[in-house]
Amino acid sequence: MDGIQRNGPGRRRRHPELQRVGHGRRRSRNSDRFALHGFPQGAQSYREVARILAARGARVIVPDQRGYSAGARPIGVEHYTQATLAADVVAIMDAMGLDKVHLVGHDWGSNIAWVAAASYPERFSALTAVSIPHPSAFGEAYKIDSDQKKRSEYFKLFWQEGKAEQVLLEDDAKWLRDVLADIGPERAGHYIERLQQPGALTAALNYYRAMSSANVATPSVIVPTTLVWSDNDTAVGPVGPQLCAKYVDADYKLITLNGISHWIPELAPQDLADAIAERF
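Using full-length UniProt numbering, count along the sequence shown one by one with no gaps and you end on 280.
Worth flagging that the hints you see were computed from the coordinates, not collected in a lab.
There may be inaccurate statements among the hints.
Claimed, not checked - Taking lysine-lysine and the BS3-like style, the derived pairs with C-alpha atoms no more than 27 Å apart in a straight line are:
#1 163 <-> 150
#2 156 <-> 174
#3 149 <-> 253
To be verified - With beta-carbon atoms standing in for the labels, derived distance ranges:
#4 252 <-> 163: 35 to 43 Å
#5 234 <-> 163: 19 to 27 Å
#6 150 <-> 99: 38 to 46 Å
#7 197 <-> 254: 33 to 41 Å
#8 166 <-> 55: 37 to 45 Å
#9 170 <-> 146: 25 to 33 Å
#10 78 <-> 155: 13 to 21 Å
#11 78 <-> 181: 32 to 40 Å
#12 70 <-> 231: 19 to 27 Å
#13 97 <-> 160: 39 to 47 Å
Note that CB positions come from ideal geometry on N, CA and C, so glycine has one too.
Please construct the entire structure, taking both the sequences and the accompanying hints into account.
In structure tokens:
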């Protein structure tokens, strides 16, 4: 895919290096699904989900996001704010001639999807957020729930430029391999190999660093929304998902997957595809 990187208001630069996983042919204006991956993964995390949806008639577009490919990796935390990342979604849609899509996001992709849906509701027919509730629900859970605060302790490491990169990559990236253990060594190795490229891990961690320096409230979402959360997620406890409904002013559904860890797109592709397909 010929991707778009925004370098400030009104400026766009094309990046053939911004890769994507794409499956299916467009059968109707309502058949497009646009999926955003999370940390520390990439577009490949949706491969099985995309295949299942394509077999049902959907076209699925999955870009590697800003920072995850060498041609779209600007230097500086200021280039990784949630507003900028949400604007990337719309810029790619514009470049592909897509007026409206069903937006899907997992992990950091979910965060960005919430912000995009809140900021550009006219561009999205529906939202399926995976693992991460609305940013305001997550923020509220972080404040009131000691369990969620404990689960999010790793943020403090990620905010430390230099030290975080060292810890995550030392000893053949043991920290990352341990975190990704549930998806298997081959898939984990694919993601880690790319994060070992110069500047790649810093770019990915800049999502967290920009979050800590620019805490802007996200408005409620007014598009039909599904949140898919798993009860064996070590990063996100139940309080945030329980609070999420009050930040959606539209049809809303919470789906809880039992016994699945954080990596839903790869560990439960059929369940996720079914949840997405419900909102055709």
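Holds or violated: the 33 to 41 Å window for the beta-carbon distance between residue 197 and residue 254? Roughly 37 Å apart at Cβ, these two residues keep to the hinted range, so it holds.
Within a Cα-Cα threshold of 27 Å, do residue 149 and residue 253 meet the stated pairing?
-> 25 Å, holds
Notebook entry, point to check: Does residue 150 lie within 27 Å of residue 163 when you go C-alpha to C-alpha?
Noted result: Holds - the C-alpha atoms of residue 150 and residue 163 are around 20 Å apart, at most 27 Å.
Does the structure keep residue 156 and residue 174 at a Cα separation of 27 Å or less?
Roughly 19 Å between the alpha carbons, so the hint for residue 156 and residue 174 holds.
* Distance restraint hint 19 to 27 Å, applied to the beta-carbon atoms of residue 70 and residue 231 -> 37 Å, violated
>> Just to be sure I understand the hint, the distance between the Cβ atoms of residue 150 and residue 99 should be within 38 to 46 Å; is that true here?
In response: Since the Cβ atoms of residue 150 and residue 99 sit about 43 Å apart, the hinted range of 38 to 46 Å holds.
Inset, instruction - Check the following: the C-beta atoms of residue 97 and residue 160 are separated by a distance inside 39 to 47 Å. - result: Holds, since residue 97 and residue 160 (Cβ atoms, about 42 Å apart) stay within the stated range.
_Just to be sure I understand the hint, the distance between the Cβ atoms of residue 234 and residue 163 should be within 19 to 27 Å; is that true here?_
Roughly 22 Å apart at Cβ, these two residues keep to the hinted range, so it holds.
Per the hint of 32 to 40 Å, is the separation of the Cβ atoms of residue 78 and residue 181 within bounds? Distance hint for residue 78, residue 181 holds at roughly 34 Å.
### Satisfaction of the hinted span 13 to 21 Å by the C-beta atoms belonging to residue 78 and residue 155
19 Å, holds
If you check the beta carbons of residue 252 and residue 163, does the distance land in 35 to 43 Å? 39 Å, holds
Just to be sure I understand the hint, the distance between the Cβ atoms of residue 166 and residue 55 should be within 37 to 45 Å; is that true here? 44 Å, holds
Checked against the numbered hints given earlier, this structure breaks only hint 12.
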